[in-house]
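Here the protein sequences line up with chains A and B, keeping their order.
First residue of the first sequence: 1, per the working numbering; consecutive thereafter.
First residue of the second sequence: 1, per the working numbering; consecutive thereafter.
By construction, these hints were calculated from the structure, which means they are not laboratory data.
Small disclaimer: the values here were computed from a predicted structure and weren't measured.
Misleading hints may appear alongside valid ones.
To be verified - Label-pair distances were calculated between CB atoms; the ranges are:
hint: 1; chain 1: B; residue 1: Arg60; chain 2: A; residue 2: Arg302; range: 20 to 30 angstroms
hint: 2; chain 1: B; residue 1: Arg19; chain 2: A; residue 2: Glu292; range: 37 to 47 angstroms
hint: 3; chain 1: B; residue 1: Arg19; chain 2: A; residue 2: Gln186; range: 35 to 45 angstroms
hint: 4; chain 1: A; residue 1: Asp84; chain 2: B; residue 2: Gln186; range: 46 to 56 angstroms
hint: 5; chain 1: A; residue 1: Arg230; chain 2: B; residue 2: Gly124; range: 35 to 45 angstroms
hint: 6; chain 1: B; residue 1: Asp84; chain 2: A; residue 2: Ala320; range: 43 to 53 angstroms
Idealized CB from N, CA, C, for every residue including glycine.
Number of protein chains: 2
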Amino acid sequence: MLSTADHTTERPPYAAWLRSTNNITQQFLSLGNRPDVISMAGGLPASELYPVAAVEEATRAALARWGSQALEYGPVEGLPALRDAIAARISAATDGLFTRENILLTTGAMQGLDLIGKVLLDPGDLVVAQFPTYLGALDAWRPRAPRYARLDWTLGEPGFAETLRAAKFVYAVPNYSNPTGVLVPQQGRRALLEAVVAAGTWLVEDDPYLPLQLDGSAGPSILAHDRAARGTERYDGPVLYLGTLSKSLVPGLRVGWVVAEPKIIQMLALAKQSTDLSSSVFTQSVALSLIEGTVEREQVARTVAAYRARRDALCAAAAASLSPWFEWEVPPGGMFVWMRATHPGIDTNALYAHALAENVTFVPSSVFDPSGELRTAMRLNFTRNPPDVLAEGVRRLERAVRRYLAA
Amino acid sequence: MLSTADHTTERPPYAAWLRSTNNITQQFLSLGNRPDVISMAGGLPASELYPVAAVEEATRAALARWGSQALEYGPVEGLPALRDAIAARISAATDGLFTRENILLTTGAMQGLDLIGKVLLDPGDLVVAQFPTYLGALDAWRPRAPRYARLDWTLGEPGFAETLRAAKFVYAVPNYSNPTGVLVPQQGRRALLEAVVAAGTWLVEDDPYLPLQLDGSAGPSILAHDRAARGTERYDGPVLYLGTLSKSLVPGLRVGWVVAEPKIIQMLALAKQSTDLSSSVFTQSVALSLIEGTVEREQVARTVAAYRARRDALCAAAAASLSPWFEWEVPPGGMFVWMRATHPGIDTNALYAHALAENVTFVPSSVFDPSGELRTAMRLNFTRNPPDVLAEGVRRLERAVRRYLAA
Numbered sequence: 001m002l003s004t005a006d007h008t009t010e011r012p013p014y015a016a017w018l019r020s021t022n023n024i025t026q027q028f029l030s031l032g033n034r035p036d037v038i039s040m041a042g043g044l045p046a047s048e049l050y051p052v053a054a055v056e057e058a059t060r061a062a063l064a065r066w067g068s069q070a071l072e073y074g075p076v077e078g079l080p081a082l083r084d085a086i087a088a089r090i091s092a093a094t095d096g097l098f099t100r101e102n103i104l105l106t107t108g109a110m111q112g113l114d115l116i117g118k119v120l121l122d123p124g125d126l127v128v129a130q131f132p133t134y135l136g137a138l139d140a141w142r143p144r145a146p147r148y149a150r151l152d153w154t155l156g157e158p159g160f161a162e163t164l165r166a167a168k169f170v171y172a173v174p175n176y177s178n179p180t181g182v183l184v185p186q187q188g189r190r191a192l193l194e195a196v197v198a199a200g201t202w203l204v205e206d207d208p209y210l211p212l213q214l215d216g217s218a219g220p221s222i223l224a225h226d227r228a229a230r231g232t233e234r235y236d237g238p239v240l241y242l243g244t245l246s247k248s249l250v251p252g253l254r255v256g257w258v259v260a261e262p263k264i265i266q267m268l269a270l271a272k273q274s275t276d277l278s279s280s281v282f283t284q285s286v287a288l289s290l291i292e293g294t295v296e297r298e299q300v301a302r303t304v305a306a307y308r309a310r311r312d313a314l315c316a317a318a319a320a321s322l323s324p325w326f327e328w329e330v331p332p333g334g335m336f337v338w339m340r341a342t343h344p345g346i347d348t349n350a351l352y353a354h355a356l357a358e359n360v361t362f363v364p365s366s367v368f369d370p371s372g373e374l375r376t377a378m379r380l381n382f383t384r385n386p387p388d389v390l391a392e393g394v395r396r397l398e399r400a401v402r403r404y405l406a407a
Numbered sequence: 001m002l003s004t005a006d007h008t009t010e011r012p013p014y015a016a017w018l019r020s021t022n023n024i025t026q027q028f029l030s031l032g033n034r035p036d037v038i039s040m041a042g043g044l045p046a047s048e049l050y051p052v053a054a055v056e057e058a059t060r061a062a063l064a065r066w067g068s069q070a071l072e073y074g075p076v077e078g079l080p081a082l083r084d085a086i087a088a089r090i091s092a093a094t095d096g097l098f099t100r101e102n103i104l105l106t107t108g109a110m111q112g113l114d115l116i117g118k119v120l121l122d123p124g125d126l127v128v129a130q131f132p133t134y135l136g137a138l139d140a141w142r143p144r145a146p147r148y149a150r151l152d153w154t155l156g157e158p159g160f161a162e163t164l165r166a167a168k169f170v171y172a173v174p175n176y177s178n179p180t181g182v183l184v185p186q187q188g189r190r191a192l193l194e195a196v197v198a199a200g201t202w203l204v205e206d207d208p209y210l211p212l213q214l215d216g217s218a219g220p221s222i223l224a225h226d227r228a229a230r231g232t233e234r235y236d237g238p239v240l241y242l243g244t245l246s247k248s249l250v251p252g253l254r255v256g257w258v259v260a261e262p263k264i265i266q267m268l269a270l271a272k273q274s275t276d277l278s279s280s281v282f283t284q285s286v287a288l289s290l291i292e293g294t295v296e297r298e299q300v301a302r303t304v305a306a307y308r309a310r311r312d313a314l315c316a317a318a319a320a321s322l323s324p325w326f327e328w329e330v331p332p333g334g335m336f337v338w339m340r341a342t343h344p345g346i347d348t349n350a351l352y353a354h355a356l357a358e359n360v361t362f363v364p365s366s367v368f369d370p371s372g373e374l375r376t377a378m379r380l381n382f383t384r385n386p387p388d389v390l391a392e393g394v395r396r397l398e399r400a401v402r403r404y405l406a407a
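Based on the provided sequences and hints, a complete structural model is requested.
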C-alpha cells in the first residue's frame, strides 16, 4: 500500500482512489532497472532495433514540410494529415470508409484508455473486461472507480447478456492479449460483436500488438467485422479501436490513436483538451514522415524476425527448465508468454521475491486481476532481451522456483 | 450545451461531467480559424518567431547524444537529465535546493493541472481559485467535480481563513494572470503564502507567463518565498509550481513541469503513468539541447520585444476605439489585455456574435467564471497577430460594439 499517511506536514489528503490503491505495478517494474537483473517484467521493445537515423531524417523532412506549424499547439484532435493517413490505414484494413472525423490522435494508445474512462465512466459504472486484464487499462480507469465483470468469450455464462446491457463498455484485446498472448479466434470476435450490438453497449478494442504477428495473420479486427456488418457508410458503430506506433516504430514518439464514430471522437477530444491541450504536433509530423515511406514496413519486418527468435528461445529454455511447475502456450504474436502454475504450491506474488534474489524479474498475475486475487500465473516478456539473455533468465527462474518450493 | 442525447444508436450515456458541461470553449476557439477572421481569442504565440532551424539542429544533437534512448518509453517522471536541468533552473530562481526528485515533466503545464486534479480532488472538494480563473484549469478539473471559492488576494474577507482550511488547494497565477494580465504584488504573494501555510493546505502556483516580462521584472515567485522561509533543505513545502517551455521556446514540444515536494511528485507520477505511461522522451531530449545552449535566451529576447510592440499597438488602438465602453490596464507581461465594460448595456457573451459578424473574435469573460455568470469583460490576445492586424481587429471590435448597442 502507498504510505499516504506520512505527509511532510499536515496537508489535505490525496484523492480516494490513491488512498485505496497500491503501487505494486511501479514496485514490480522499477526493480527491473538494476544492471545485474534480467528483466522479463516490462513490456518493452528491443531498443537496439530502433531506426534512429530514420527518425533524424524524418525530422528534417517534417520540419522542411511543415515549418513552424510542426511546433504549434494542436489541433487537439491531432495533425490533420496524420489523421488522414491513419484513417486511410484503417479503411484499408477494414475495407471500409474511415475519415479524419473518425480519428483522434493520442499520447500513445494509453492516453486513449484514460480518455475513454473520462468520457464514459462514473464511479460504480460497470466495465466488462477480458480476464486477466492489461494492467494499464486497470490503472487508467482506477481514478474513475468502475466495477468489473469478466468478459466470457464463450458467451455461455448465465446472465452474461444482462451483464453486457448493464455495462458502460466491454474491454477486449483480441490480438495477442496482454498478458496472455492469446489470439482470439474470428468466431469469438463475431459472437462478441453480435452480443455487444444486441446489448447496445460500447466495445473498446485495444490493438497495440497488431504489428507483432509472429506466426501467420491475425485476421480481421472486431472493428472490421462491425464495419462489414454496417455497409459502406462512414463508420458509426459502437467499437472504439485503439492503435499505436509504439510497437511498429518506436514508443518514444508517443503516437497512438482512437478510431470511433465521430460523435464520441468529439467527446474524447473535449476530454483531451482538458487533459493536455494537445499532443505534440512535432512528433506527429515526424511520425507521418516515417509511415509515408518504407521505414515502418522495414522496421516491422526486422522486429518480427527478432521477436520470433526471442520467443522461441524463451519457450525452448522454459521447456527445459520450467515445465515441471508451469504450462503455457507458445504465443502466435505479441510480446509475452503467459505461464500458469501447474504445481499447487506456487503463489507467483511470493515467487517474485525469490526471483529477485536470483536477479531475474517477471510480472505476477495478481496485477492483471481487478481484485488482485489471481496468484497462480506469471507474465514473461520476450522482446526486450536477446535469446542468450532470455535463456539465462529462465535458468535463474528455475533456481528461484526450486528455492521457493524448498523454503 | 452539448447535444449528448442524439447518440447514433442507443448506447450508454457519457460520464456525468460531460452531460453537465458545455463546449463553449471549443466553440469560441474553433471559430477563430477562418482566414478572414482576426482572432484575438486564443492564447497562441507568434509562430513566425519559432526557431525552426534550431529545433532541427537540437534534434540532431539529441539523437547523437542519446541514440535509441531518446526513442524509448519514459521514465514516467521524464528524462532525468532534463529534470536535473529544470531543478537547477528552479534552484537558481529561488536561491534554493531543488533536485530531480522535486520535478515531474509533463505534456505542457496543462497536464500538470490534470494530474493535480487526479491526485487531490474528489467530487465536491473545494478549490480556492484566483478569480477570474484560467479556463484550462476549470476544464482540467471538471471531471473531478470540485466546488470553487474565490481567492481574495486582500485576505480581508470574513471567513477566508476557514475557507482556506476547508480547501484541497489554492490555485493562483501571480505572474500576468490569464485572463487579466495582472502581476500580483510581492506583498500579496507573501500574505497568501502565510495564510496557506497557516491553513495547512496546498498552493498551486501556475507560472506559464514568467518568460513574458514586458515591463521590468516579475519578482520572486511564491515558491521562492516559501523556499526562503524554509531554509536550505531540499524543498518540502506546500507549493506545487507549474512551468513550461511553451512560451519561452515553442508549444509543440509539449514540455512542461511540476515542481513540488518529493512525495506528491511520486503521487503525480503514479497518476501520470495511468494517464499516458510517459511523455515523449524524444521531445524532452530535444528540449534539453535547446535550453542548454543559447537558443531559449535569444528566443525569449526576440519574443518579448515583439510582444511588447504588439501589446502597445493593441492598447493604442483600443484607446482610440474602445474607451467609450471599456476600461483596462496595460498588462506588464503575458499575452492578454482584460477589458472590463464600463457601459452597463454590454454583455460580452452577446457581443461575441456581433464580433463574429465583423470577422473578429475575443474570449468572453463567462468562460473564466466557474459559474459562467461573469459577462461584463473580454480577453484580448495580443501575441498572435502583428501590430497592424491587431489595430484592424480593434477597429472591427469597435464596429461590433456599435452594431450590438444599436441592435
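Structure-based check of each hint:
no., hint, in the structure
1, B:Arg60 with A:Arg302: 20 to 30 angstroms, "holds (24 angstroms)"
2, B:Arg19 with A:Glu292: 37 to 47 angstroms, "holds (40 angstroms)"
3, B:Arg19 with A:Gln186: 35 to 45 angstroms, "holds (37 angstroms)"
4, A:Asp84 with B:Gln186: 46 to 56 angstroms, "holds (51 angstroms)"
5, A:Arg230 with B:Gly124: 35 to 45 angstroms, "holds (42 angstroms)"
6, B:Asp84 with A:Ala320: 43 to 53 angstroms, "holds (45 angstroms)"
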